[in-house]
Each structure stands twice: as C-alpha cells, then as structure tokens.
Amino acid sequence: MDKVAIVGFYQVKPGLDLMMSPYEMLFEATRGALDHAGLKRDDLSTVIGCNNDYYDGKTISNCFKVEAGGAYMKDESKVEMDGAHAVMYGLMRILSGNHKLAMVYGISAPSCFPYESVRILETDPTFDRPINLLNGYTAGGMQMRAYLNAFGLSEEDIAKVAVYNLKNAAKNPLAIPEAQKTNITVDEVLNSEMLSAPLKKLMYPILCDGVTALILAPERQARKITDKPVWITGVGHFNDTYYLGDRDLSSCSSMEKAAEKAYKIAGINNPKSEINVAELFGHTACEDLILAEAAGLADKGKGLSLIDTGKLNPSGGTMAGYTPAANGLTRIVEAVKQIRGEAEGHQISGANKAIASGQVGFCAQNNIVYVLEGGE
Amino acid sequence: MPLPEYIKKDYKRTRTMKGSWYLTSYKYKFNLSRIKEYLKGLKNGILLGLKCRSCNTVSFPPRLICGRCLVKPDQWVRLPETASIATGSANYDEEDKKREHPFPVIAVRQDGADTALIHNISDDVDFNSIYIGMPLKVVWAKERNGLYLDIDHYEPIEDPAIELNKKEGSVD
Ligand SMILES: [Zn+2]
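Protein chains in written order, with the working numbering: chain U, 1 to 376; chain W, 1001 to 1172.
Same shape as in the complex, but just chain W:
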C-alpha cells in the first residue's frame, strides 16, 4: 500500500534540516622542504624522481615515504621528458566546464619511473585514440613557478612500434 503523502513530506523535512559543514575550510599539510629538489627542478625544466635506496623503486612525482620499506627515499634521479600511458579513461562530467566532453583522463608513467600519476593530455586528443603504452612527452606551463602544475599537460609523440607496423604493412 502506498504511504500517505504527508509522511513523505515529514521525512523530507527532517532530511533537509539546516546545518553545514565547510569542507573548503580544511587545510592539508605537506612538507614542501622534502621535495625542494623536485620543485626546483620543475622551475628549471628538469624532472626529478625520488629513488628508494632499499628497493630501487623510483617514484614520480616523489613519494615522501616508501611504503614497501618504510623509509624516506632520498636519492634524486633525473628523468627524461618522455612518458607513456599506464592506463586511461575519459571524463564525462558535464559540470566540469573546462573542456568539451568527453575528454581523456590518463595515468602517466614517466620513463624511468615505477609509479604513475593522473594528469592532463592535450585538448585535441580524442578519448578514443588513447591506449596503454601510448608514448607522451611533457608540455611545460608557459611560466614555471616551481610547482606541481609546472607540467601543464602531456602530449602524444610518435609511437615507434606503430611506425614499424605501418612500414611492414606497406610492404605487402
């Protein structure tokens, strides 16, 4: 039997009782001095990963702690500007007005690093064209300030594997 309408209303009222929780007032502490080298590198257009001397894992962006060994990695290693897609998806969130939808969302693994990060890819890349292993290159921000977003986004570069296939294909 359907419940009388007034009951529904009563429940709605209790549900919408006033009260707010200002989530934006939260602050998150992060010890920038521990990644000073990395940030200085970014400012100068140099990519630095952090290597754990115990397990040789290279993290990029640097992880302050190696969970495997429970130590603070302290060996900076220079990484090339090239990278590849570790996995990817697409963003369909219409409320996100930054770009036309859908657009690709990618996890990027910098060459020489063992970890990946979620980052942006060039606006003109179709979400259907991305694939795991797709080679990319860093595109720097117009002005570098020694901040994480000094890497503005990644852009695709020629994939030697695909070029090879094309050449082989043209033989027949």
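Okay, chain U solo, but in the shape it has when bound:
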C-alpha cells in the first residue's frame, strides 16, 4: 500500500449540549485541523464528511455542511456510517492518485435529536419492530450476558473496565466532565441504574455533541507538511450479518477479520506484542473487551488483562464522551496523538504502533480497523 499519512487533526471539546450550532462546531474542527497542519483551505482537493440524515433531521445532510466543512467548490462526498469509514473513503481517493489532500470529518449533535429512538429505526420492520424489544440498551445487555456466560466472567469484571475507562477519561482533557471520574469505584458502577440487565448505566457511554476532523496526505506532501506524520500502514473493513440472532454475541467476527486484514497489510505478525496502543470504538465497557479480543490483543475471554497494561483506550474510549458519527474518527485522532507523543495526561510512553477502530450496527455488526505508525 502506498504511504498515506494523517498530517493534521482537531477535536472540538464535546459537551452534553454545546453552546454552538453544528455548523459552528464543524467550522471549529475543520479550521482547527487546517491550522494544526499549517495548511490553507485551497490546499484541499477533496472533503469527505460523516453524518447522518436521521441525526441531522435533514436529508442529504452534507449539502448543508459545504461551507463549514471546507468543501466550497471542492470535490465533496459523505459517508453515513462512522467517521472511521469516512477516513477509508478519503484514503481510497488519495490512493487512486487523483487527489492530494483530503479533509475528513464526522459530526453530530445528540442534544438535538433522540439518538436511542433513532436507533429503533435500525431494527428490522418485519420481525423486530412488532415485538418492539430490540434497542441500543437491550442489544448491549444481551451481548454482555452472552460474553459473561461464554467465559465464566462476572458483572464485576465489566465494572472494572468501566472504572478503568472513566479514570482514563479523567486524564483526557477532551473528555466530557460528566465522564471524568477519578475516584469511581467498582461498587459505584455495579450500583448504578440498570439499563438492561446485566448492563448498568455506568458501563454505557454518555451521549454528547461533538465533531472531529483530520487531514490525510500522500507521502510526498505529508513529509513537506509535518515532521511528525503518522502513517496508515494497514486497514481492514468487514461486515457481519444484520440479525443479532444469527451471530455469536460473545465475540465479534467482523472485528476479527478486519484486524486480521489490517495486520496483514501492515506486516504485523504478533499484535499482542507489537501494538502498544489500541483506541477502539466499543459501544459499552463490555464491547471494548470483545473488540480488543477480536483484534488479537488478548486471548478470548481474557481481555480484562489489558486494563493492567493500560494500552486499551488510554483516552477513556467512547466512555469519555460518545459522539455519534465522530466516534471512530476520535479514536483515530487519539491514536495519532499517542504516536506523536502529544496525548498529554494520558500518554503511553514509547507508543509507536497503534490500532484504532470504528463501527456501526447493533453489537458492532460492522468494524473498520486502522494500523497507525510513526517514524519514517
């Protein structure tokens, strides 16, 4: 694979109800990413956004984002999945040789729409909606029960992951204050409100308004733009079957395949020892473990051991603030910061090879994984 690097990025500090319209949020992110890379808007050749018509309440939601997205009189397109998928689109455009610099952003403002209700529209109208029991919470609960049962684990084990995430969030300046819990205990997580047994409220991320943007560049340009390019050395993307009842929810086949492919492209033979940081988009504290195991960072059922190493979601992951459409992009940017040594309070020392992932669908139906590396 030809070398493509992330040369600039910006994450707007998320919030439960930001004092900005999405339009201004997006401007802050794209302007911020260009300034970070020391580039002008004219330098961009393509802009790929990730947002969702249902989230926006506007059809063809990207057409309202042309100006703020930096896409005026540019080649522009949209992905309606996760920001991490938009990166794939941008990457392909650059690899085609037809484009140089690509701006990629992901945005949504859940303070303006009922996210969990929108997810009901993800369910099958013929078989799931008449029963009306499948939603984001119950899917997470059923997945967690399947995982605990398959490996003989307890709710306490998942509570430990939630504690780990929330303590990590406390060290992340871009986490929302509501998620920054330095003194949280396992008991507090276990005693938090039940969302969908055995899933507790503090094992589930907090929805917030947010936008993240990054800029991709081919090798020659990347070296001119920055002395700290972070290279995309591998990528894998797989989709599992739609129906939850057709999948083994205690693991995640699409993540396994995606990671396997990304490692193969990047020439990684032993992810357990070679990957120092993993920023994964899990929808619950439990799913963080399932995805980390699927990515080969730990044996199946043994993902909990990763919290002792600290390399899983040092930023707090989505538990630091769940921003639909921007989640995967934020994971990528966090991994990039780690490799550049710029992760401030949550820096993992010596991080030089990271993976970051994005997903869509109930119980992570679809996963996309990137291998990111620093150096030459």
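Derived from the structure by calculation, the hints contain no laboratory data.
Virtual Cβ for every residue (Gly too), placed ideally from N, Cα, C.
Check before you lean on any hint, since a few could be wrong.
Derived pair list, reagent style PhoX-like, types lysine-lysine, alpha-carbon separation capped at 25 Å [unchecked claim]:
| hint | chain 1 | residue 1 | chain 2 | residue 2 |
| --- | --- | --- | --- | --- |
| 1 | W | 1027 | U | 58 |
| 2 | W | 1043 | W | 1137 |
| 3 | W | 1036 | W | 1137 |
| 4 | W | 1029 | U | 58 |
| 5 | U | 353 | U | 311 |
| 6 | U | 264 | U | 224 |
Ranges of calculated distance between the beta carbons of each label pair, as one might list FRET restraints [stated by the list, open to error]:
| hint | chain 1 | residue 1 | chain 2 | residue 2 | range |
| --- | --- | --- | --- | --- | --- |
| 7 | U | 149 | W | 1080 | 22 to 30 Å |
| 8 | W | 1027 | U | 98 | 38 to 46 Å |
| 9 | W | 1078 | U | 125 | 24 to 32 Å |
| 10 | W | 1124 | U | 173 | 15 to 23 Å |
| 11 | W | 1044 | U | 305 | 47 to 55 Å |
| 12 | W | 1112 | U | 17 | 30 to 38 Å |
| 13 | U | 21 | W | 1078 | 31 to 39 Å |
| 14 | U | 98 | W | 1094 | 21 to 29 Å |
| 15 | U | 185 | W | 1124 | 31 to 39 Å |
| 16 | U | 67 | W | 1123 | 50 to 58 Å |
| 17 | U | 130 | W | 1124 | 21 to 29 Å |
Fit chain W with the ligand to the known structure of chain U by using the hints.
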C-alpha cells in the same frame, strides 16, 4: 467565563425551529408470498424453518436470503415447538406500559434452527431467573391468523440438566 443567558436562549430558539418528519408514514415492503408456507404453518400450529441447500443453515423465522451463499433458500423444514434462550436481557423502559418492569428480553433459538429471534417470554418469569440455554416452548396466540405474532410468547419448561443436578444433589 459563563456565557450570557441571552446567547443560550438564541441557540435554543434555532434548535426548536418548527419542522416535522412523519416517520410513521414510512412503509416497508416485504414479499409475503416468499414465506407463504411459513405463515400457513403458523396458522395450523406448525413451525417451519427455511434451510439453505448450499450451507445447510436453518433460519427461523425464515430469512429470504442466505447472506453466506447469496442464494434464496427454498427448503422448508419442520421444527419442534421447543426452543432455548440464546441470550437475554431485561427491559427497564418505564414508558413501555405493557408490563411491570423490569421484564426479561430474550433471544430465542428454536430447536433445529441456527438463528435466533427476539421474542417475549411469559409475564410471570422473573428477569433474574433467565439463563443461556434455558429451555422454552412456544405458546400460541389464542387466535391464529397466519401472522408472525401467532407465536404469542415462549414459556419455560423443565430443564433436564437442572433436574439431573437436583437428583445428584439429593444423594449426599
Ligand atoms: Zn447458505
């Protein structure tokens, strides 16, 4: 520095600008003629799964397409009324007034099928008592109309594994 209150109000106003999207006006097409056998079966109290001749996967309820083989499965197989819990959770949504909360939410795998479906369990089952592998049986609707909800819900039946444990336990 906290922002002046009037700015907050201005933003609220733009956020609540009028405009609606009638989601209930959407229609979803589904080719019932492809699952005629299944629906006819339900009306007569017979459960039919659909088997893919290529990979032998039996889906219940029938899936129109086998994603693995990209073919339309066409072999109907009769399934027993027994099933088991593939995984489960509980519903705490207070706005859902149908039952007392929390109540169990289950993914059920019909015996002989490879897929599971989300369905209801008897009202008197405590959400804490469900477990993966818990055996169940179909409870039919009072009146069967050849529709998906002809299976009203599932009810627990005796678990032979647990009965065996009890007997072994009584020996000591
Ligand atoms: Zn098949």
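Comparing the hints with the structure gives:
1. W:1027 x U:58: 19 Å, holds
2. W:1043 x W:1137: 17 Å, holds
3. W:1036 x W:1137: Satisfied, since the Cα-Cα distance of roughly 23 Å is no more than 25 Å.
4. W:1029 x U:58: 24 Å, holds
5. U:353 x U:311: At roughly 11 Å apart (the allowed maximum being 25 Å), residue 311 of chain U and residue 353 of chain U satisfy the hint.
6. U:264 x U:224: At roughly 28 Å apart (the allowed maximum being 25 Å), residue 224 of chain U and residue 264 of chain U break the hint.
7. U:149 x W:1080: 22 to 30 Å: Hint holds: Cβ distance 24 Å, inside 22 to 30 Å.
8. W:1027 x U:98: 38 to 46 Å: With Cβ atoms ~40 Å apart, the hint holds.
9. W:1078 x U:125: 24 to 32 Å: 27 Å, holds
10. W:1124 x U:173: 15 to 23 Å: 51 Å, violated
11. W:1044 x U:305: 47 to 55 Å: 54 Å, holds
12. W:1112 x U:17: 30 to 38 Å: 51 Å, violated
13. U:21 x W:1078: 31 to 39 Å: 58 Å, violated
14. U:98 x W:1094: 21 to 29 Å: 54 Å, violated
15. U:185 x W:1124: 31 to 39 Å: 36 Å, holds
16. U:67 x W:1123: 50 to 58 Å: 55 Å, holds
17. U:130 x W:1124: 21 to 29 Å: With a Cβ separation near 22 Å, residue 130 of chain U and residue 1124 of chain W satisfy 21 to 29 Å, so the hint holds.
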